[in-house]
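Q: Each chain, letter by letter, is given below.
2 protein chains.
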Amino acid sequence: MDIIEELEDNLGKNKVFYDNASKYAYGFDASIHHAVADVIVKPKNANDVKEVVKIAYKYGMPIIARGAGTALSGQAVPIKGGIILDMAGMDKIKEVRIENLYCVVEPGVIYAQLNNELKKYGFFFPPSPGSGDVCTIGGMIATNASGMRAIKYGATRDYVLGLQVVFPPGKIYRIGTSTLKNASGYQIERLMVGSEGTLGIITEATLRISPLPEKRGVALASFDSLYDAGKGVANIISSGIIPSALDIMDKICIQAVNKSMKIGLPDTEAILIIEKDGKRREIKEDMEKIVRICKESGSKKVEFTDDEKEMEKLWRGRKGVLPSLSRYGKDKISVSLADDMAVPISKIPDAVKSFQELSKKYNILIGTYGHAGDGNLHTKILINPKDKEQWKKAEKVVDEIYKVVYNLGGIVSGEHGIGISKAPWMVKENLNIMKKIKDAIDPKNIMNPGKMMEWKGSIITNLRYR
Amino acid sequence: MDIIEELEDNLGKNKVFYDNASKYAYGFDASIHHAVADVIVKPKNANDVKEVVKIAYKYGMPIIARGAGTALSGQAVPIKGGIILDMAGMDKIKEVRIENLYCVVEPGVIYAQLNNELKKYGFFFPPSPGSGDVCTIGGMIATNASGMRAIKYGATRDYVLGLQVVFPPGKIYRIGTSTLKNASGYQIERLMVGSEGTLGIITEATLRISPLPEKRGVALASFDSLYDAGKGVANIISSGIIPSALDIMDKICIQAVNKSMKIGLPDTEAILIIEKDGKRREIKEDMEKIVRICKESGSKKVEFTDDEKEMEKLWRGRKGVLPSLSRYGKDKISVSLADDMAVPISKIPDAVKSFQELSKKYNILIGTYGHAGDGNLHTKILINPKDKEQWKKAEKVVDEIYKVVYNLGGIVSGEHGIGISKAPWMVKENLNIMKKIKDAIDPKNIMNPGKMMEWKGSIITNLRYR
Chain S
1 MDIIEELEDN LGKNKVFYDN ASKYAYGFDA SIHHAVADVI VKPKNANDVK EVVKIAYKYG
61 MPIIARGAGT ALSGQAVPIK GGIILDMAGM DKIKEVRIEN LYCVVEPGVI YAQLNNELKK
121 YGFFFPPSPG SGDVCTIGGM IATNASGMRA IKYGATRDYV LGLQVVFPPG KIYRIGTSTL
181 KNASGYQIER LMVGSEGTLG IITEATLRIS PLPEKRGVAL ASFDSLYDAG KGVANIISSG
241 IIPSALDIMD KICIQAVNKS MKIGLPDTEA ILIIEKDGKR REIKEDMEKI VRICKESGSK
301 KVEFTDDEKE MEKLWRGRKG VLPSLSRYGK DKISVSLADD MAVPISKIPD AVKSFQELSK
361 KYNILIGTYG HAGDGNLHTK ILINPKDKEQ WKKAEKVVDE IYKVVYNLGG IVSGEHGIGI
421 SKAPWMVKEN LNIMKKIKDA IDPKNIMNPG KMMEWKGSII TNLRYR
Chain H
467 MDIIEELEDN LGKNKVFYDN ASKYAYGFDA SIHHAVADVI VKPKNANDVK EVVKIAYKYG
527 MPIIARGAGT ALSGQAVPIK GGIILDMAGM DKIKEVRIEN LYCVVEPGVI YAQLNNELKK
587 YGFFFPPSPG SGDVCTIGGM IATNASGMRA IKYGATRDYV LGLQVVFPPG KIYRIGTSTL
647 KNASGYQIER LMVGSEGTLG IITEATLRIS PLPEKRGVAL ASFDSLYDAG KGVANIISSG
707 IIPSALDIMD KICIQAVNKS MKIGLPDTEA ILIIEKDGKR REIKEDMEKI VRICKESGSK
767 KVEFTDDEKE MEKLWRGRKG VLPSLSRYGK DKISVSLADD MAVPISKIPD AVKSFQELSK
827 KYNILIGTYG HAGDGNLHTK ILINPKDKEQ WKKAEKVVDE IYKVVYNLGG IVSGEHGIGI
887 SKAPWMVKEN LNIMKKIKDA IDPKNIMNPG KMMEWKGSII TNLRYR
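Heads up: the protein sequence lines correspond to chains S and H, in order. For what it's worth, my numbering labels the leading residue of the first sequence as 1, then goes sequentially. For what it's worth, my numbering labels the leading residue of the second sequence as 467, then goes sequentially.
Take these hints with a grain of salt, some might be off.
[Claimed, not checked] DSS-like mimics (lysine-lysine), calculated; alpha carbons at most 27 Å apart, straight line: (1) H:Lys681 to H:Lys785; (2) H:Lys546 to S:Lys215; (3) H:Lys489 to H:Lys560; (4) S:Lys152 to H:Lys560; (5) S:Lys215 to S:Lys332; (6) H:Lys681 to S:Lys279; (7) H:Lys585 to S:Lys428; (8) S:Lys295 to H:Lys618; (9) H:Lys785 to S:Lys54; (10) H:Lys681 to S:Lys436; (11) H:Lys717 to S:Lys436; (12) S:Lys436 to H:Lys585; (13) S:Lys215 to S:Lys259; (14) S:Lys94 to H:Lys755; (15) S:Lys289 to H:Lys585.
[Said to hold, decoys possible] Some residues of chain S that are not near chain H, with every Cβ distance over 10 Å (derived): (16) Tyr57; (17) Gly130; (18) Gly170; (19) Arg316; (20) Arg327.
No lab work stands behind these hints, which were simulated from the structure alone. Where a beta carbon is used, it is the ideal one built from N, C-alpha and C, also for glycine.
Please construct the entire structure, taking both the sequences and the accompanying hints into account.
A: Dropping the structure here:
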C-alpha cells in the first residue's frame, strides 16, 4: 500500500504499525462498537502529526486520534477504516506555571498524572472524569469531559486557554493564548472542545489550573421517595450552596452496589451523596445547612462525615455502580447506550421516574444514577449482548429515553460525547451549522469521518460483541 | 430605496428609521470611530430579526447589531454602511430559574438590570464589565466581556449555556442547551461568544448564574516599585488564594485620580487593590494572608477594610482612572487604542515597565492600570484628537505596544474585543480558520462586515473626532 510506505518514509518504520493484531486491537474503545483500522501511527511530536495529516489528506484516508480509548460512544473507533493516531506517546507535561495559573501539556498526558504533578504545588486541573486514572487530556478536550465536580468547577471547556492544532491539509496552528482572558477573535480553542477529532488534531494544550481546596466533607441522605430526593437537590442549589459534588442513586443502583460491595448503603428508594469542599471552617457551616435542607426536603436520615476513609468509602460505593450493575443482571451486562444525558437540575426526579416507567414498560433493567447537582444522569441498560432481539429492544428504549430528555428541556450527552452511539439523537438545529463548519475546515472529510452529524441509521451495527 | 420599503412592509413603519439625525447618531459607539448608517431597525422579537436578516441577505446589505453602544473598538460602527439593528427594545428577562442555576434573557437586557433582578434571590451573573450599568447582555456575549472579577469568576464565555441566533440567510436557530453540562456536538454557542456580530444575531441567551458571596474585604497595598507590585501579584496567586479582584495602578493613574477626585490614594509608584469575597469567616483569614504576602513582596504599607463605604471609595478611585486621565492631560484626552491587552500574570511588571519606556521614547502620555490578577491591562494614551500628527504617533506607539505584548506571550484584547481598532494586530494564525468559518456561515458577508479579520490598513481613519 502506497500510503503505508509514505508514512514509513516520512515518520520512520518504528512509528508505523499494520500487523493484523494491531489493526484489530486499535478498533476498540470503551463503547459498544468495533471496526478494523488500516494502519496505526504513534507520533512523537506535532511535526509527526502534521506529516500524517498531510499524507492522509493526499490519499483521502480517514484519520482518527486516540488517547486512552476510554470513549464510551465510539469516538475512537475507525468506523470508516483509516489511520489511528495513537497520541499516548506525546505525554510530556511541558510547563507548570502556578503564578500564571496555567500548565502546558501534550495530549497524551494522563489526567491523574497531571494532577499528581500539580498537587506538589497545591493546585489541580478540576474536571474529573470517572476514567481519570487512565484517560488522556487530549481525549478530555476532544469530548469536553467533566465528571462529578462540574457543578462547582465546570467542564473541560472552561479550562482550555490555548491549543496547538494540526488542521487539514496538514498545518500546525497555535490558537488561543496563554492568558486567562481572551477577547481576540473567534474562540477556535473552545470550538475544538467537544469536536471529537472531526476538525483537527490537538498536539498541545494550555490549561487553566485552580488551587486545591483545603478540605472536604460528605453527607449521605436517604429518601423514601425519588421525588423528595430531587426536591432536596433543587433546595440545596436554591439555597446558594454550590456543592463540589451532588450525586443521586436510585433503588436498583443501591441494591446492585450492596449486593456486590461491602459498603452498606441504606436500603431505600434513593440516596443523595453531597460533597462540599473549601476552607476548613466553612465546610462544617455548609454541611450543617445541607443536613437541615435534606431533612426539610423529606430525608429520614442524613449523616455527615469529614473522615477521609469514610468519604472514600462512600464515593467507592458510588463509583461501584457500573461494575455492580453488570453483576446484578446475571447473564446481562451493562452497555453504553443513552448513558449521560443532561436535564435542567429540577427535572432530575421527572427524568428518573420516566426511566423507571420505561424499564417496566419494556421489561428491561435500567439503573439510574449520576450527577444530580448538575443535571447529568447515567442510565445503564442491562442486556445480554449476544441476543440481537435485546439490542433491538434496547435501541427502542434509548429512543424513548431521549424523547423524555428532550421534553424535559434536556440534551443527549452531558459529558461522554456523541461519537456513533448518540448521533441519531443530536439536536437537529445544530447540525446544519456544524456541517458548514466541518466542510469549511475539513473539505475532504478525512478527520474522524462518519461520526456525529454524519452517522446515519441504526447504532446497533459494528457491535463489539460477536 | 427598495430595501427600506421592504423593511417597513415587513416590520411596520414604527420600527424603521432613516432620518439623517438617526443615521448619524447610530454611527457612533464608544470607540474612536464613526460612520453613517443607511437605516436603523428596532426589532421587538426574534421574528423581526429574522425578517431583517432575510431582507439584508436579499440585498447584500450589511447588518450590524447594537446593544448599548459601549463597544470600545468600533464593533457597532457601520463602517460599510448598512442596517443598524438596535436590540435595546428586546429587553425582557424571560426566566429566572434559581433551582436550575440559569436565567433566560433577551439581548437588550442591561447587565445591572439583570443583576438587580437576580439579587432578589441571592444570585448574580458574575462577569462585571466596567460599563455594567448600561451595557447589554447581547453586547457582552458578542464581545466576551468580563471585567475585574474574571480572575475568580471567568468571562462571559464561561456562562453561556444556550443561545437563540438568527443566522443568514434568515433562519432562527436554537443552539446549546438549558443544562449545565453539554457534550453534544460542536459548542456553537461558545463560538458565538466574541464573534462580534460577524456570524449571526443573538436573540435570546440562557446564562448560568451563581450565588452571591456573603461578604467581601479589600486591601490596599502601596509599593515603591512597580516590579515589587507585580511580584506581589504573582505571590498572591501562587499562594492558592484566588481574589475576587486584583487591580494595579501606576504612578500616572494614581496622580490623575488624586488630582481630580478626593480619594487620597497613596502617592507612590504603584498600588494594588485586592478584593476577596466569600464566607464571612474566610475573608478575615485570607485577608491576613494577603497582607502578609504583600509585605513580604516589598509593600511598605498595606491596609485592609471590610467597611462597605471604604471599599466603595477605593473602587470609585479605581474606576475614576479613565475620566481622571482625560482631565490630567489638559488639551489631551484619553483615546481607546491598545486599551485591554492581556499577558500572562507574571509578565505584568515587564509589560507596564515597557509601556512606561515607550511613553518616554515617544514623549506621549500613557497611563497603565488594570486587572493584574488576570493579566488584563488597560493602557490609556493621551492625545489631542484634533491633531493628526499625534494620531500618527499614537498608532506607532500602539504597534510597539503590541510587539511588547506578543513578546511577553500576550494577546491583543482581553475583554473589549477587536472591532476595527485592534484588527491589524490579531494573531495571524487564527485568521485563516476564522475566515473559513465566517465564509461558511455568512457567504454573502452581510454580518458586520469589514471588522476583525477583514479590516485592512490603518486604524486612524473614520475617526469620530472632526
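Q: Determine for every hint whether it applies to the structure shown.
A: Structure-based check of all given hints:
Pair hint Lys681 (chain H) plus Lys785 (chain H) holds up; C-alpha atoms about 21 Å apart against a cutoff of 27 Å. Our distance criterion of 27 Å between C-alpha atoms is broken by Lys546 (chain H) and Lys215 (chain S), whose separation comes to about 57 Å. A hinted pair counts as satisfied when its Cα atoms are at most 27 Å apart, and Lys489 (chain H) with Lys560 (chain H) does not qualify at roughly 31 Å. A threshold of 27 Å between alpha carbons decides the hint, and for Lys152 (chain S) with Lys560 (chain H) the separation of about 25 Å falls inside it, so the pair holds.
For the suggested pair Lys215 (chain S) and Lys332 (chain S), the alpha carbons sit about 40 Å apart, so the restraint of at most 27 Å is broken. Distance restraint check for Lys681 (chain H) and Lys279 (chain S): the Cα-Cα separation of roughly 15 Å lies within the 27 Å cut-off, and the hinted pair is therefore satisfied. For a cut-off of 27 Å, the pair hint linking Lys585 (chain H) to Lys428 (chain S) is broken: about 36 Å separates their Cα positions. Our distance criterion of 27 Å between C-alpha atoms is broken by Lys295 (chain S) and Lys618 (chain H), whose separation comes to about 32 Å.
Taking the CA atoms of Lys785 (chain H) and Lys54 (chain S), the gap is near 52 Å; set against the 27 Å cutoff, the hint is violated. At most 27 Å may separate the alpha-carbon atoms for a hinted pair to count; Lys681 (chain H) and Lys436 (chain S) exceed this at roughly 47 Å. Proximity of Lys717 (chain H) to Lys436 (chain S) is assessed by CA-CA distance (about 51 Å); at most 27 Å being required, the pair is judged violated. For the hint pairing Lys436 (chain S) with Lys585 (chain H), the CA-to-CA distance comes to about 41 Å; that exceeds 27 Å, so the pair is violated.
Note on Lys215 (chain S) and Lys259 (chain S): the hinted pairing is violated, with a Cα-Cα distance of about 31 Å set against a maximum of 27 Å. The hinted pair formed by Lys94 (chain S) and Lys755 (chain H) fails the criterion: a straight-line CA distance of about 31 Å is larger than 27 Å. For a cut-off of 27 Å, the pair hint linking Lys289 (chain S) to Lys585 (chain H) stands: about 21 Å separates their Cα positions. Every C-beta of chain H lies more than 10 Å from that of Tyr57 (chain S), the closest at about 15 Å, which supports listing it as non-interface.
Even its closest Cβ contact with chain H, about 13 Å, leaves Gly130 (chain S) beyond 10 Å, as expected for a residue assigned away from the interface. Residue placement check: Gly170 (chain S) keeps its beta carbon more than 10 Å from all beta carbons of chain H (closest about 13 Å). For Arg316 (chain S), the condition that its CB be more than 10 Å from all CB atoms of chain H holds, with the nearest at approximately 23 Å. Listed as outside the interface, Arg327 (chain S) is consistent with that label: its C-beta sits roughly 28 Å from the nearest C-beta of chain H, beyond the 10 Å cut-off.
The structure fails hints 2, 3, 5, 7, 8, 9, 10, 11, 12, 13 and 14 (numbered hints given earlier, in ascending order).
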